[in-house]
Amino acid sequence: MSKRPQTVGEHLRKKRFESGLRQFEVARKLGISERTLGLWECDEVYLRWEYHPVLIEYLGYDPFPSCGLRTLIATKPRALPLYHSKRLLDASEYAVWN
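In this note's numbering, the protein residues as written are 3 to 100.
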């Protein structure tokens with residue numbers, strides 16, 4: 003495990019291991035399934051924007067400080083792009099996934 007996490011999955015795994023929690027416990031805290039957490043931790047799927055505030059609260063910090071995510075979420079949540087399976091969704095695709 004990386005001492006300096008670079009991805010969302012690495013941040014999640016590091017926090018979980020440091021807390022001594024199991025995946026099902028963290029998943030419950032985040033309001034997601036254990037499978038979803040596993041996919042996030044392996045960086046197989048990026049979490050959707052609506053989960054970023056939950057992630058920031060769980061980690062206790064913003065893992066994306068360079069993009070000012072906390073500010074964007076607070077001020078313009080609908081302006082944020084949406085991700086699914088490591089690629090950006092455009093507006094037409096968003097309706098299918100939402």
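These are calculated hints, taken from the structure and not from any lab test. Don't take every hint at face value.
[As the list claims (entries may be wrong)] Cut-off 20 Å, straight-line C-alpha distance, at most; resulting in silico cross-link-like pairs (SDA-like, lysine to any residue):
{"#": "1", "residue 1": "K31", "residue 2": "Y48"}
{"#": "2", "residue 1": "K5", "residue 2": "F26"}
{"#": "3", "residue 1": "K17", "residue 2": "E27"}
{"#": "4", "residue 1": "K5", "residue 2": "K17"}
{"#": "5", "residue 1": "K17", "residue 2": "T38"}
{"#": "6", "residue 1": "K5", "residue 2": "S35"}
{"#": "7", "residue 1": "K17", "residue 2": "V47"}
{"#": "8", "residue 1": "K16", "residue 2": "L61"}
{"#": "9", "residue 1": "K5", "residue 2": "E20"}
{"#": "10", "residue 1": "K17", "residue 2": "V28"}
{"#": "11", "residue 1": "K31", "residue 2": "L57"}
{"#": "12", "residue 1": "K5", "residue 2": "R50"}
{"#": "13", "residue 1": "K17", "residue 2": "Y60"}
{"#": "14", "residue 1": "K16", "residue 2": "T38"}
{"#": "15", "residue 1": "K31", "residue 2": "C44"}
{"#": "16", "residue 1": "K5", "residue 2": "P55"}
{"#": "17", "residue 1": "K17", "residue 2": "C44"}
{"#": "18", "residue 1": "K16", "residue 2": "R6"}
{"#": "19", "residue 1": "K5", "residue 2": "D45"}
{"#": "20", "residue 1": "K17", "residue 2": "R37"}
{"#": "21", "residue 1": "K17", "residue 2": "S35"}
{"#": "22", "residue 1": "K17", "residue 2": "D45"}
{"#": "23", "residue 1": "K16", "residue 2": "E36"}
{"#": "24", "residue 1": "K5", "residue 2": "G22"}
{"#": "25", "residue 1": "K17", "residue 2": "L32"}
{"#": "26", "residue 1": "K5", "residue 2": "E43"}
{"#": "27", "residue 1": "K31", "residue 2": "P65"}
{"#": "28", "residue 1": "K5", "residue 2": "K16"}
{"#": "29", "residue 1": "K16", "residue 2": "Y63"}
{"#": "30", "residue 1": "K17", "residue 2": "A29"}
{"#": "31", "residue 1": "K5", "residue 2": "L23"}
{"#": "32", "residue 1": "K5", "residue 2": "E36"}
{"#": "33", "residue 1": "K16", "residue 2": "V28"}
{"#": "34", "residue 1": "K31", "residue 2": "K5"}
{"#": "35", "residue 1": "K31", "residue 2": "R6"}
Taken at face value, is the distance from the CA of P55 to the CA of K5 at most 20 Å? 23 Å, violated
Holds or violated: K5 and S35, Cα atoms, limit 20 Å. 26 Å, violated
K17 and V47 were given as a pair; does the straight-line alpha-carbon distance stay at or below 20 Å?
Answer holds: K17 to V47 is near 18 Å, not above 20 Å.
Pairwise hint evaluation, R37 against K17, where the allowed Cα distance is 20 Å at most
17 Å, holds
Check your understanding: Going straight from one Cα to the other, do K17 and C44 come out at no more than 20 Å?
Key -> Cα-Cα ~14 Å, so holds.
Proposed proximity, T38 with K16 (alpha carbon, max 20 Å):
17 Å, holds
Given the hint that K31 pairs with C44, test it: the Cα-Cα distance must not exceed 20 Å.
18 Å, holds
* With a cut-off of 20 Å on the C-alpha distance, tell me whether K5 and D45 pass. => Roughly 17 Å between the alpha carbons, so the hint for K5 and D45 holds.
message = Check whether the Cα positions of K5 and E43 lie no farther apart than 20 Å.
response = 15 Å, holds
- request: Sort out whether E36 lies within 20 Å of K16, counting only the CA atoms.
  value: 16 Å, holds
- Regarding the pair K16 and L61, is the alpha-carbon distance no greater than 20 Å? Holds - the C-alpha atoms of L61 and K16 are around 10 Å apart, at most 20 Å.
Checking one constraint from the list: CA of K31 to CA of L57, max 20 Å. Satisfied? 10 Å, holds
Checked against the numbered hints given earlier, the structure breaks hints 2, 6, 12, 16, 32, 34, 35 and satisfies all the rest.
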